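2 protein chains.
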Amino acid sequence: MALSEFAFIARHLRPLAAGSPGALELLDDAALLDPPAGAELVLTKDAMVAGVHFLAEDPPAQIAQKLLRVNLSDLAAMGAAPLHYLLSLVRARDTTDAWLAEFCRGLAADQAEFDIGLLGGDTVATPGPLTLSLTAIGQVPKGQALRRSTARAGDDVWVSGTLGDGALGLRVLQGALEAPVEARAYLIARYRLPCPRLALGQALRGVASAALDISDGLLADLGHILETSEVGAEIRAAALPLSPAARALPGARDAALAGGDDYELLFTAPADRRPRIEALSRELVLPLTCIGRIEAAGGLRALDEQDRQIPAAATGWQHF
Amino acid sequence: MALSEFAFIARHLRPLAAGSPGALELLDDAALLDPPAGAELVLTKDAMVAGVHFLAEDPPAQIAQKLLRVNLSDLAAMGAAPLHYLLSLVRARDTTDAWLAEFCRGLAADQAEFDIGLLGGDTVATPGPLTLSLTAIGQVPKGQALRRSTARAGDDVWVSGTLGDGALGLRVLQGALEAPVEARAYLIARYRLPCPRLALGQALRGVASAALDISDGLLADLGHILETSEVGAEIRAAALPLSPAARALPGARDAALAGGDDYELLFTAPADRRPRIEALSRELVLPLTCIGRIEAAGGLRALDEQDRQIPAAATGWQHF
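Chains A and B, in that order, give the protein sequences.
Position in the first sequence (first residue = 1) + 107 = the working numbering.
Position in the second sequence (first residue = 1) + 107 = the working numbering.
Hints in this document: simulated from the structure, not taken from any laboratory.
Here the structure is a predicted model, which means the values were calculated and not measured.
Do not rely on the hints blindly, as some may be mistaken.
Stretches of chain A that chain B covers, calculated by requiring three or more beta carbons in the stretch to come under 8 Å of a beta carbon on chain B [stated by the list, open to error]:
hint, segment
1, 135-147
2, 156-170
3, 191-197
4, 223-236
5, 247-257
All C-beta atoms, glycine included, are put in the ideal place defined by N, C-alpha and C.
Build the full structure now, drawing on both the sequences and the hints.
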């Protein structure tokens, strides 16, 4: 028999709020948050639907972790440190208590990993697919949030980690791409469990001129920086950081350009900050790769190995 | 043709964020909130699913208003003043642009009414029913939020407005209850457009000993206060405030006791605050009715006109 909403909250959600005094043990109408002195709060809200944003057969703990991490990735992109989150859990008719217990186990693991606590939310039922919505709250010193609209001509364009893994992992899961067994496991893990670059985001405050996280794909997301900053850019496909697993597969370059689901940080910085960014890369043990440059003239040009422009449509990805 | 997500945000959502500088024109990964000095933030998150929490044929502007108002009602219950909200809009396949435009018109009307602005959120698609999730953020002077767990033996039990209208309005809409034409319109409006008691909630800071808003039904919600405060209560059904429309209908008393969807405030206060609460009622032009008393011994007794106890099951409502 399914647990009642009250029993479910008591058994599975209340323990997740134990470290958040403002959650009031999830017993009140709303939660309280005493903002840290000198801080600005950073808020983001992302929803995920079963069959659209994750696969119904994905492990429930990993679905929980992905939900939390895509929101934490937004905080990372603004240079914020995580504080709390609220969760709306819209249960489908076939959502079992065992599934929910596993889902909450995933949340518990990532709460410890990313030092964030449950503050509130609600659980309701739907005749449709399981739907999740999470609001993450972080903090940043007043006035120091990283923005998209502040890139300047002459800045370098950087990315963290490797690109294309998430999109290739999804293709592997869908049976649309064959890969060796180790590459399979790596790419699927990258799709299911993105790594929000929180330490990097915070370290980039005062270093990067603009930043965002790559969720729609490099070309689309760089486009957002260019549009809001009213500049252009040229990037070199040969410079794109690919994982060994991705590099061996057909379509890796195009997945890196336009595939989405990477949740790496894309940021710009004046050229004289290169040594500082390279030192940061060593300190965080995280590749940070310069892939191009911001230009005064509008438009985005991606050049291939022979300096020929790659048309966006030619990448074969339509994520954006 | 359906608008793309970007076009929809630009056309319909960005204007709703125009008064919220921290929304960054909805162009960034997350929103910023500079917390007012001396304030504690109050956060609540409620989801609504088409066909479950509202009827698919309800007017879209009123669905938007109800979504916002049930969340504002949670802020009211804590004594908070509204600041901002974030919205997840999970579009169904048959959600048209005209529907969305009307939905946003409802949000705009209530933003003006309740002095609240859109701060962020996201829009995604679902193969299931339209699903909405809203996170509302309010403020309260530090340490002054009203709570559920602080009722004391000897306190009076009060309710605002009239009870049972929302539940009767839903029955009328479902064709399960006949009512005269004017009563119909009144009850349906009460179901579709609850009035968050924001001015009352704020005025009750330092006056009420405990408070919440009635969403599950008076008996269930009073039960929440009793459980968290570790007290009991006796209420008199004869004292329940009924609207003229409700009073004329069969089942009005039971709807008032257990029907839910009223979004009135239920609060407790020491007996010596009666004159202050009666003055507040006149000032706000809002009925405030004493319906019983908190007792040291646990349990909730509802007495009928002949002082006989009414069993909860006898009300015929199973909302909780």
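Evaluation of the provided hints:
Given as covered by chain B, the segment 135-147 of chain A passes the check, having 10 residues with a CB less than 8 Å from a CB of that chain where 3 are the minimum. Chain B is given as covering the segment 156-170 of chain A, and this holds because 4 residues of the stretch bring a CB closer than 8 Å to a CB of that chain, at least three being needed. Look at the segment 191-197 of chain A against chain B: 4 of its residues bring a Cβ nearer than 8 Å to a Cβ of that chain, three or more, so the hint holds. Closer than 8 Å: that is the beta-carbon criterion, and the segment 223-236 of chain A has 10 residues meeting it against chain B, so the requirement of 3 holds.
For the segment 247-257 of chain A, the stated coverage by chain B is satisfied: 6 residues place a CB nearer than 8 Å to a CB of that chain, which reaches the threshold of 3.
In terms of the numbered hints stated before, the structure departs from none.
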